[in-house]
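**Student:** In case you want the letters, here they are:
Number of protein chains: 2
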Amino acid sequence: MYAPSIENLIEQFEQLPGIGRKSAERISFYILDRMSRESVKNMTEAIVNAKHSIKFCSVCRNLTDSDTCAICSSQKRDRSVICVVEGPKDVSAIEKTGEYHGLYHVLHGALSPADGISPDDIHIKELLARLDNSVNEIIMATNPTVNGTATAVYIARLIEPLGISVTRIAHGIPVGGDLEYADEITLLKAIEGRHPML
Amino acid sequence: MYAPSIENLIEQFEQLPGIGRKSAERISFYILDRMSRESVKNMTEAIVNAKHSIKFCSVCRNLTDSDTCAICSSQKRDRSVICVVEGPKDVSAIEKTGEYHGLYHVLHGALSPADGISPDDIHIKELLARLDNSVNEIIMATNPTVNGTATAVYIARLIEPLGISVTRIAHGIPVGGDLEYADEITLLKAIEGRHPML
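Residue numbers (our numbering), protein chains in the order written: chain A, 13 to 210; chain B, 13 to 210.
Next comes chain A alone, as it looks inside the complex (with noise of 0.2 Å):
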């Protein structure tokens, strides 16, 4: 019923998460109809350039534009914590309360057997090199979700045995919902409200 080229374009706006047929729909024909041409190469070359310059951090795995993202490579970070999580999404989430100084590791997943989702598919072992004697605390903040806490119990499985302690965030996320959703204020009680895993 639409233009091919139309059809293609609602279909690529589909494949995005949390968008509906409807809503690529309505994406579409703004970009269509409301849009200057000017606007849309501004958003294509957004699209481009974002996805050709950014790449994982080569200690925390987070996305950056550099080797080494803003945080690792920052001195006003204390070095001697690292909070581990899912997503680079949940480290901007994290950021947003202000208050957490430490560094980050970006495990670009978590365990799932249901997936196929093994230790060695996710950024486990480049978390483990980067434990030296400066490191005195990990915290888990992965979902609060089945595979997410699984996570963390492997993982704190593996670091407990090297005498670093290890702390999972607090409830006070609600369980089963996703840490970017959370507000500034309960991420902040929940990081505050950590307590030893095992």
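Be aware that a few hints might be false.
Remember, identical chains collapse to one label, so a pair may be satisfied in a single copy or spanning two.
Straight line, CA to CA, 20 Å or less: simulated SDA-like cross-link-like pairs of lysine to any residue [claimed, not checked]:
no.: 1; residue 1: K67; residue 2: A15
no.: 2; residue 1: K53; residue 2: S17
no.: 3; residue 1: K137; residue 2: N148
no.: 4; residue 1: K63; residue 2: E19
no.: 5; residue 1: K67; residue 2: G121
no.: 6; residue 1: K67; residue 2: M47
no.: 7; residue 1: K88; residue 2: A15
no.: 8; residue 1: K34; residue 2: Y193
no.: 9; residue 1: K67; residue 2: S17
no.: 10; residue 1: K53; residue 2: H135
no.: 11; residue 1: K137; residue 2: P125
no.: 12; residue 1: K53; residue 2: A36
no.: 13; residue 1: K63; residue 2: S51
Calculated directly from the structure, the hints in this document are not laboratory data.
Model the placement of chain B on the given structure of chain A, informed by the hints.
**Tutor:** Showing chain B alone in chain A's frame:
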């Protein structure tokens, strides 16, 4: 806090309809973290191609990739009826009922004195230019909002003196709602229940 190219990407998505800051962040991280470079290339090419190839149909002003849209050039459509809508997405909403076989006219907006949108700013002249002996009925399917209704009344007053019947789609679409979000059955009932406007 974000790398500049990520912040720029988020801002680009934030300007789209129905996309707030959190959705824009979620989409941006999905593109950077989860999509392959090839998928991203397909997406940006789809945007560029659609924007480049899509123009207004020379007859009804709907979006098309040729001079005259598929509906206007079809020999199967009833050329005695023209359904007037505010935007291209309204055409697709009505087409989904599968029960309307006439032509369309896309105004690309509605009269809105508050926003300075006057009759010259929407495609009313182009509608009047289409009216000849072959046209028996104009169905006003602008949104049931203050501006949409005012636009319908304004156009009805211009056309009625020409001896062409002007009808309004029935209430059945929630008042104050957007045509594009109505389900097919509601839209079908609205078209069946249309009544003379003046």
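**Student:** Against this structure, judge whether each hint is valid.
**Tutor:** Status of each hint after checking the structure:
Taking identical chains as interchangeable, the C-alpha atoms of K67 and A15 lie at most 20 Å apart only when they sit on different chains, with a minimum of 11 Å there against 36 Å within one chain. Taking identical chains as interchangeable, the C-alpha atoms of K53 and S17 lie at most 20 Å apart whether they share a chain (17 Å) or sit on different chains (15 Å). In the homo-oligomer, the alpha carbons of K137 and N148 lie at most 20 Å apart inside one protomer (18 Å), although the nearest pairing across protomers, at 74 Å, exceeds that limit. Taking CA atoms no more than 20 Å apart as the test, K63 paired with E19 passes between copies only; the shortest distance there is 12 Å, against 24 Å inside one copy.
For a Cα distance limit of 20 Å, the shortest separation of K67 from G121 inside one copy, 16 Å, qualifies, whereas the shortest one across copies, 43 Å, does not. Taking the shortest alpha-carbon separations for K67 and M47, only the inter-copy value of 13 Å comes in at or below 20 Å, while the best intra-copy value is 30 Å. For the identical chains of this complex, K88 and A15 are inter-copy neighbours only, at 18 Å across copies versus 54 Å inside a copy, given an alpha-carbon limit of 20 Å. Within a single copy, K34 and Y193 get their C-alpha atoms only as close as 23 Å, which misses the 20 Å cut-off; across copies the closest is 8 Å, which meets it.
For the identical chains of this complex, K67 and S17 are inter-copy neighbours only, at 11 Å across copies versus 31 Å inside a copy, given an alpha-carbon limit of 20 Å. Taking CA atoms no more than 20 Å apart as the test, K53 paired with H135 passes in neither setting, with 36 Å inside one copy and 27 Å between copies. For the homomeric pair K137 and P125, the shortest alpha-carbon distance inside one copy (18 Å) is at most 20 Å, but the shortest distance between copies (64 Å) is not. Proximity of K53 and A36 under a CA criterion of 20 Å is satisfied in both settings, with 19 Å inside one chain copy and 18 Å between copies.
Taking the shortest Cα distances, K63 and S51 sit within 20 Å of each other both inside one copy (18 Å) and across copies (11 Å).
Consistency note: the structure conflicts with earlier hint 10 alone.
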